[in-house]
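**Q** Sequence:
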Amino acid sequence: MRFNFKLILNILGILLIFNGIFMLLCLPFSIYYREAWWHLAASGGITALVGGIMTVSTRKNTNKELKKKDGYLIVTLGWLIMSFFGTIPYLLSGSIPDLTNAFFETISGYTTTGASIINNIEGVPKGILFWRSLTQWIGGMGIIVLAVAILPILGIGGMQLFVAEAPGISPDKMKPRIKEVAKRLWFMYLGLTIAETILLTLGGMTFYDAINHSLTTMATGGFSTKNASVAYYESAYIQYVIIVFMFLAGTNFTITYFGLKGKFRKAWDNEEFRNYFFITLILSISISFFVFSSKWESFEKSFRDSLFQVVSVITTTGFVTADYTAWAPFLTIIFFLLMFMGASAGSTAGGIKVVRHTLLFKNSFLEMKRQLHPSAIIPVRLNGIAVSRDITYNVLAFIMIYLLVYGVGVFLLSFTGEEFDTALGAVATCLGNIGPGLGAVGPVNNFHDITGFGKWLLSFLMLLGRLELFTVLMLFNKNFWQKV
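Residue numbers (this note's numbering): 190 to 673.
Treat the hints with care, since some could be wrong.
[As the list claims (entries may be wrong)] Derived SDA-like pairs (lysine to any residue); straight-line CA-CA distance at most 25 Å:
(1) Lys415 - Val313
(2) Lys450 - Val433
(3) Lys372 - Phe453
(4) Lys672 - Lys415
(5) Lys450 - Leu571
(6) Lys415 - Val633
(7) Lys315 - Ser424
(8) Lys195 - Lys667
(9) Lys249 - Lys315
(10) Lys258 - Ile468
(11) Lys452 - Trp375
(12) Lys415 - Ala225
Because the hints were derived from the structure by calculation, they are not lab data. Since the structure is predicted, the reported quantities are computational estimates derived from the model, not experimental observations.
Please work from the sequences and hints to get the whole structure.
**A** Structure, rendered in structure tokens:
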């Protein structure tokens, strides 16, 4: 199969134009806070100009047929090219003067990981800090899905892009047409962001802090405008609002759509959502009893801290109100294991996802039954519907490759001289797009002191995790590049 490189460049150009426009949206904050604004103006102009040149130079005589291979290539290259151009505001402003750190911060934003190298967040110019939050909001739903809503207007099909961007299991569909799905997702995403901004402002946050935290909450990204993250705000109201929206962001957006339409029974009937809800609730209550018995705090505060940390990690958001590594060694292990959980498929969360764990456990238990009844056909069922063996094999392969990549990542990072617990936590949190890890990259620390090689390695793992492994790993398969 030949690649349609002209069309690929055309679409990448469109993505850069959007990227440049988003940079320019940060200008009002720089102007309002009387900061130097030319860095953002130049960054947005350069990015949009390059995108425009790419688009205009490839628009004529372009074959509009988009193959599946083209889609995978566009998604991976799109994330990379946007991340490289996304470093320009940091570099021009001097907020992050070297490329390695700037790229790490930028791809951490676009992949909604939330791992940071900035030691003094509150010292960063407001316009640049807003760009930092905006990269997570863009990456949360995926700039590719935005392109899916626009490209059909240009006569370019977008189904291949959607499949490559979200290859996870999403059994429910709101509409058969991908354009309509993308539009509904974005309207819902935007609406929930606005709603959280209003609620946080009513709770005493400044509008600037409220909109930044809302952008990164709905993206399950976790970038904050404060050095202490959400722990800076001691308001129970603010923390509960963020908990609710983190949980919603980690929910399959189709389920959220049903909930907003008042179809609560249909939402509750979803097996993945029920498992996601009960895992979060049971763990939060269990941990809160231990925290309450070990600290001189009220049960409400212990429950709130426990609930916040559990929701933050399971949804791969990464906000912090307490240092869970200081509670107890066995609780640290629990949070470490949660880094491999992930929330719902079809959400902005990273990680393996609850639905894959559900199918893995179901298939494992049914395998024992199959051994007793070798002639019986016993399929795995999800929401009462038999799951094809292809999907089951895909889940098993995904988890196996995920753990293999994790092991190789830990080995390579340890080879750079990092402590073993730091390597364990850093690779788990970057591959799962979570943010805080263990050891030197725990909840109250950051990734500033990781070596240059380590940061490029972790950046690659962030991209792998955000695009769910296969989209990126396919590009390293020689068969992918062969003509068919």
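**Q** Next step is simple, just say for each hint if it's right about the structure.
**A** Results of checking the hints against the structure:
{"no.": "1", "hint": "Lys415 - Val313", "in the structure": "holds, 10 Å"}
{"no.": "2", "hint": "Lys450 - Val433", "in the structure": "holds, 18 Å"}
{"no.": "3", "hint": "Lys372 - Phe453", "in the structure": "holds, 22 Å"}
{"no.": "4", "hint": "Lys672 - Lys415", "in the structure": "violated, 51 Å"}
{"no.": "5", "hint": "Lys450 - Leu571", "in the structure": "holds, 23 Å"}
{"no.": "6", "hint": "Lys415 - Val633", "in the structure": "holds, 12 Å"}
{"no.": "7", "hint": "Lys315 - Ser424", "in the structure": "holds, 23 Å"}
{"no.": "8", "hint": "Lys195 - Lys667", "in the structure": "holds, 22 Å"}
{"no.": "9", "hint": "Lys249 - Lys315", "in the structure": "violated, 41 Å"}
{"no.": "10", "hint": "Lys258 - Ile468", "in the structure": "violated, 37 Å"}
{"no.": "11", "hint": "Lys452 - Trp375", "in the structure": "holds, 20 Å"}
{"no.": "12", "hint": "Lys415 - Ala225", "in the structure": "holds, 21 Å"}
In the structure shown, a violation is registered for the earlier hints numbered 4, 9, 10, in ascending order.
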